[in-house]
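**Q** Each chain is listed here by its residues.
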Amino acid sequence: MKCGVVTFPGSNCDQDCYHVLKSVMGQSTDMIFHKDTFFDDDFDLIVLPGGFSYGDYLRPGAIARFSPVMKSVKKAAKIGKLVLGICNGFQILVEANLLPGALLKNIDLKFHCHDVYIKVMNNDSPFTALYEKGEVVKMNIAHADGNYYADNETLDELEQNSQIVFCYCDERGEINENSNPNGSVKNIAGICNVEGNILGLMPHPERCSEEILGSADGKRIFESIITYFERRYACDSRN
Amino acid sequence: MKVKVEVFFKEGVLDPQGKTVKNALQHLGYDEVDDVRVGKVFTLSLKTSDREAARKRVAQMCEKLLSNPVVETYSIDTVEETR
Amino acid sequence: MKVKVEVFFKEGVLDPQGKTVKNALQHLGYDEVDDVRVGKVFTLSLKTSDREAARKRVAQMCEKLLSNPVVETYSIDTVEETR
Amino acid sequence: MIAETELKLHGLSTEEYQRITEILGRDPNNVELGMYGAMWSEHCSYKNSKRVLKRFPTTGKRVIQGPGENAGIVDIGDNLVAVLKIESHNHPSAVEPFQGAATGVGGIIRDIFAMGARPLALLDSLRFGELDEPRVKYLFSGVVSGISHYGNCVGIPTVGGEVYFDSCYRDNPLVNVMCVGVANKKDIKLAKAVGVGNSVMLVGSSTGRDGIHGASFASEELSEDSESKRPSVQVGDPFMEKLLIEACLEASKKDFVLGVQDLGAAGLTSACCEAAARAGTGMDIDISLVPQREEDMSPYEIMLSESQERMLLIVKRGYEEEVSKIFAKWDLHAVKIGTVTNDGMITVRKEGVKVAQVPAKSLTEGVPEVKRESSQPSYLKKTAVSVNTGINENPEKIFLKLLGSPNLSSKRWVFEQYDHRVGTNTVVKPGSDAAVIRIKGTSKGIALTTDCNSLYCYLDPLEGGKQAVAEAARNIVVTGAEPIAITDCLNFGNPEDPEIFYQVEQCVEGISQAAEFLGIPVVSGNVSFYNESPQRTIFPTPVIGMIGLLENINERCETGFKDNGDIVVLLGEVQGSTEASEYLRYIHDVKAGKPPKINLLQEKKIQQLCLRAVREGVVKSAHDVSLGGLAVALAECCVIGKKGFKGNINCKNLDAALFGESPSRIVVSVSPKNMETLKLLAEQMQIRITVIGTVCESRMTLAFNSSVVIDLPLDEVIDVYENSLERRISAQ
Ligand SMILES: Nc1ncnc2c1ncn2[C@@H]1O[C@H](COP(=O)(O)OP(=O)(O)O)[C@@H](O)[C@H]1O
Ligand SMILES: [Mg+2]
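Protein chains in written order, with this note's numbering: chain A, -4 to 234; chain B, 1025 to 1107; chain C, 1025 to 1107; chain D, 631 to 1362.
Only chain A is shown next, with the shape it has when bound in the complex:
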């Protein structure tokens, strides 16, 4: 599997994602600069990392979506490559209309950096196949604008198409107001597109992929992706 991690001006988790993919997961991984474009087949997985692209001035993700690299990302997504947006990457995907809705300021207007519990709502996706459905996992959040918003119509669609992938919950898996760190509607922490090949989430799986950092629950996202491509390539070679 070939992975690409995009660096926008102001990205600051790009090297963290690179580290996990390359050193922890042992995958062939390249950095992609925002001014560059790439061919559809260059990467199987493209990661839009966390950080503060363009300082989050104006709105998080609003300026980064116009980067040349985003044209390539869109094309790659169209032909079924996987796109993973983490935190600021999620915000960029939403601003670029690759995912529905918007990410607003946290309801208490504060930046939050701590662990949260999230529930896997959909394990029928290339990103989450190795989780159990309904499983509760621990991941770190670190954002000031993670308050997911969508109008009712969009929310209905998200639910009908099982596009809600992760929800904030408590240790026992209850999804309630107390376990919602930022005011997101329906405690949404991560969603995918209808086709299921684009995932955006606020928690940082790359910070939770090594026991020494306190949790390895996020690692299974990357393992799921690897498994997905192993199977796909196995199929391809059989055909």
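I should point out that these hints are in silico values taken from the structure, not numbers from a laboratory. Accuracy of the hints is not assured; some may be wrong.
[Claimed, not checked] Straight line, CA to CA, 20 Å or less: simulated EDC-like cross-link-like pairs of lysine to aspartate or glutamate:
no., chain 1, residue 1, chain 2, residue 2
1, C, Lys1026, B, Glu1056
2, D, Lys1070, A, Asp31
3, D, Lys884, D, Glu925
4, B, Lys1064, A, Asp103
5, C, Lys1028, B, Asp1058
6, D, Lys1221, D, Glu1129
7, C, Lys1064, B, Asp1059
8, B, Lys1064, C, Asp1074
9, D, Lys955, A, Asp31
10, A, Lys214, A, Glu166
11, B, Lys1088, C, Asp1058
12, B, Lys1026, C, Glu1076
13, D, Lys1041, A, Glu154
14, A, Lys105, D, Glu1352
15, B, Lys1026, D, Glu924
16, A, Lys214, A, Asp110
17, A, Lys30, D, Glu1129
18, C, Lys1071, B, Asp1058
19, C, Lys1028, B, Glu1087
20, B, Lys1043, A, Glu166
21, C, Lys1080, B, Glu1076
22, B, Lys1028, C, Glu1087
23, D, Lys959, D, Glu1046
24, B, Lys1028, C, Asp1055
25, C, Lys1088, B, Asp1055
26, D, Lys767, C, Glu1087
[As the list claims (entries may be wrong)] What the simulated footprint calls covered on chain B by chain A, stretch by stretch (three residues with Cβ under 8 Å from a Cβ of chain A suffice, anywhere in the stretch; the number is not a length):
no., stretch
27, 1038 to 1048
28, 1051 to 1058
The beta carbon of each residue, even a glycine, is placed where N, CA and C say it ideally should be.
With chain A held as given, fit chains B, C and D with the ligands onto it using these hints.
**A** Below, chains B, C and D with the ligands alone, put in the same frame as chain A:
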């Protein structure tokens, strides 16, 4: 030419900043404050002299970049010729 | 009564947002954009009917809370009676 | 001769003016006067403190760069170095807490990457007045959001620091920020303008009128009209700083980039003369080449502007294009503004016409040193009484009050607003004694802390200085790291007051004695004087920033209790003293008494014992006992480990046993099978150890001479410790 643009949340989208400011003002004793909405305002200085053309271009900028149509509305407030 | 307040960084104070938005607009091909300043705008709904009194109270609110006089200036833009 | 009022504007004395005319052999013009005024301010020249600072031990086998550069450098093996520095941004934060603190973060980061090191961690040491005042809340939350805004955006984790509240900081809060970076030894860049004919390039933000006279602003007391000194407050642009970090580190790797210097206080003036003076060269620059944000800026303004996010590069002649290319990648300009000369002069031109010319060294070293008088403060006679309070309330109630007090309760509300995990290196997160970050690609880790008990420094400056170092080192040691370097930030009142100067001398003496004895060199630091208002002066506050090295990060240890049945042992004396304690200050509102004396030999032995026990895996947790005494330390072990405790202390006085303070004490937990080993180790080192209890499931129960005095459900202890600060802040 100077153009002023305002961007606010759509009705129906929660404005936590507005709520916080309202509470703070009431706490300071400004009980007459019923509601507060917080938005963004942009002053653009443009190298153009055509008022109408400027307005059109600015409307495009708003649609594309300055506002997020999913949650925000914009208004082009004033168009002022610079002396 | 509705009162609109605008708060901008003072002239001379760096406005990183404005600078970044300006660059972005120029990148998008809006070359006519010379300068951008970004500020905050507040719409206050007040339970008052006295225009002048309202303006005075709002000026106080600006000094105390809505703006930071060390780096920002405010202007009370419009005072509108609500129908 | 020039009018005294005009001199005052530049912060210069008549004697200093005299000196300038001697140096130049003529009267200085306005630009030159401005340059001397800024560079000869206390903030830039250390004219009041230089002599005292010489006392610090600054050498050691790991020291590669001691004081004198933008930051200190120590060798951490494997061809790697750690770079560290602390700096104050007190006065700007008093006037505009958000931007003041934010730009403080920006400034200290630039000192680190100027040396070619990637900044890996930030720490913030903060002090404010009492939290029940609305203005203090405003300052506190403003400072915290400013640090959060800047640090989070640039992507450097804020992994530690301290917050302390006392009325003495009401008008003059302290905001000290420390940054630590790591570099390959061969990539170190010094800020030297070497090689005649080489180019001087300016990179980063364009220059505006902001911050002119910032250096002199920091060198006088806060007063009524401080708020009106608007230009001193600058707005930070962390996005620009992030680009600057990436571009400068990329450039630093190139041989043709010979030196890098940040623009801090006194802006271009200071950057140029420091870089030239260090290399013994000169510089000829033309200010019309400086990218300007505002129109019609005068040479004076350009030379003294403190616009943020700018750096100066010394580039080998002929490679200017290459440098520009690197910066263009990040959408930044790199502009040549002049050349290195051999005449030792800083020559400033405007469109070719000379507007100032002064010897570089005279700006950095020429200031007539000020010899300050010192005399023992009269208040010490009043405070040096022993206070006997006795416990007049239910000890459990007092315990909960203390545990939930602003100085002792968890600072979670603060550090959860900081991204403390970006970089995926934070192995021990904020909330413990010292944070630990790993160094990818090695088995190493670095432990980091800032500490200072300023009440001790107030009541006994010498002892306070010693204990600041000892406490910092203890915090490092409990993680399993060996302390290797100190960076210090000396926050004091007006040094022209002999009683204040006495505090300075004594604190520095204390720091030096402890640093020498424990073998930890001071490699960088910062001085901040004039921290007072007409109403009050701060406690002497010499903040110690310290780093330690873990050769093998897997041998680290944390604060929290681990497993039921583990034995809890106190290394050191059981009995503390309530004098000068937080218990006395907070519960009895008494700031008096003599701080407990430290025995440096005992301290060293305890630290060695702890380090061995941690490294050899004998103990499962370790936590130093400081503010709040033994009861509070035990509660912290419980809360952080989410475990209960049941134990007994045999001692003379109840309040001294529970809440008394005393240096050289560490609480550890040991599995029963390792108890013998710990005893043996302790015997070898001649350290007294006492079993005080065991780890258990979900209650904290503490007896005093066998009668239970505290018996609380763990959940309640956790709630009080974790949430009290937040509750206090949101209470209107
Ligand atoms: N208290 C101190 N202890 C040790 N070194 C100090 C102290 N104060 C200043 N220094 C050293 O003096 C030099 C100048 O300090 P400073 O002006 O704060 O640096 P900068 O100009 O980079 O901000 C630095 O090398 C610093 O490490
Ligand atoms: Mg410096």
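**Q** All hints, please: hold or fail.
**A** Evaluated hints:
About 11 Å separates the Cα atoms of Lys1026/C and Glu1056/B, which keeps this hinted pair within 20 Å; it holds. Only pairs whose Cα atoms come within 20 Å are accepted, and Lys1070/D paired with Asp31/A is rejected, the gap being roughly 28 Å. The straight-line distance between the Cα atoms of Lys884/D and Glu925/D is roughly 35 Å, outside the 20 Å bound, and the hint therefore fails. A C-alpha spacing of about 19 Å is found between Lys1064/B and Asp103/A, which places the hinted pair at or below 20 Å, so the restraint holds.
For the given pair, Lys1028/C sits about 14 Å from Asp1058/B by alpha-carbon distance, which is consistent with the 20 Å threshold. Restraint check for Lys1221/D and Glu1129/D: satisfied, since their Cα atoms lie roughly 18 Å apart, inside the 20 Å limit. For the hint pairing Lys1064/C with Asp1059/B, the CA-to-CA distance comes to about 16 Å; that is within 20 Å, so the pair holds. For the hint linking Lys1064/B to Asp1074/C, the alpha-carbon distance of about 27 Å lies beyond 20 Å, and the restraint is violated.
Distance check on the hinted pair: Lys955/D and Asp31/A sit about 16 Å apart at the alpha-carbon level, within 20 Å; holds. Our distance criterion of 20 Å between C-alpha atoms is met by Lys214/A and Glu166/A, whose separation comes to about 19 Å. With a C-alpha separation of about 18 Å, the suggested pairing of Lys1088/B with Asp1058/C holds against the 20 Å cut-off. Using a Cα cut-off of 20 Å, the hinted pair Lys1026/B and Glu1076/C is violated, with the two alpha carbons roughly 29 Å apart.
With a C-alpha separation of about 39 Å, the suggested pair Lys1041/D and Glu154/A falls outside the 20 Å cut-off, and the hint is violated. Using a Cα cut-off of 20 Å, the hinted pair Lys105/A and Glu1352/D holds, with the two alpha carbons roughly 18 Å apart. Pair hint Lys1026/B plus Glu924/D holds up; C-alpha atoms about 18 Å apart against a cutoff of 20 Å. For the hint pairing Lys214/A with Asp110/A, the CA-to-CA distance comes to about 15 Å; that is within 20 Å, so the pair holds.
Pair hint Lys30/A plus Glu1129/D does not hold up; C-alpha atoms about 60 Å apart against a cutoff of 20 Å. For the proposed pair Lys1071/C and Asp1058/B, the alpha carbon gap of about 6 Å is at most 20 Å, so the pair holds. The suggested pairing of Lys1028/C with Glu1087/B is violated, with an alpha-carbon distance near 23 Å, which exceeds 20 Å. The hinted pair formed by Lys1043/B and Glu166/A fails the criterion: a straight-line CA distance of about 30 Å is larger than 20 Å.
At roughly 36 Å between alpha-carbon atoms, Lys1080/C and Glu1076/B are farther apart than 20 Å, so this suggested pair is violated. A distance of roughly 23 Å separates the Cα atoms of Lys1028/B and Glu1087/C; the hinted pair therefore is violated under the 20 Å criterion. For a cut-off of 20 Å, the pair hint linking Lys959/D to Glu1046/D is broken: about 34 Å separates their Cα positions. Proposed proximity of Lys1028/B and Asp1055/C is supported: the alpha carbons are some 17 Å apart, at most 20 Å.
For the suggested pair Lys1088/C and Asp1055/B, the alpha carbons sit about 15 Å apart, so the restraint of at most 20 Å is met. Distance restraint check for Lys767/D and Glu1087/C: the Cα-Cα separation of roughly 18 Å lies within the 20 Å cut-off, and the hinted pair is therefore satisfied. Interface restraint, the stretch 1038 to 1048 of chain B with chain A: holds (4 residues with C-beta to C-beta distance below 8 Å; minimum three). Look at the stretch 1051 to 1058 of chain B against chain A: 0 of its residues bring a Cβ nearer than 8 Å to a Cβ of that chain, fewer than three, so the hint is violated.
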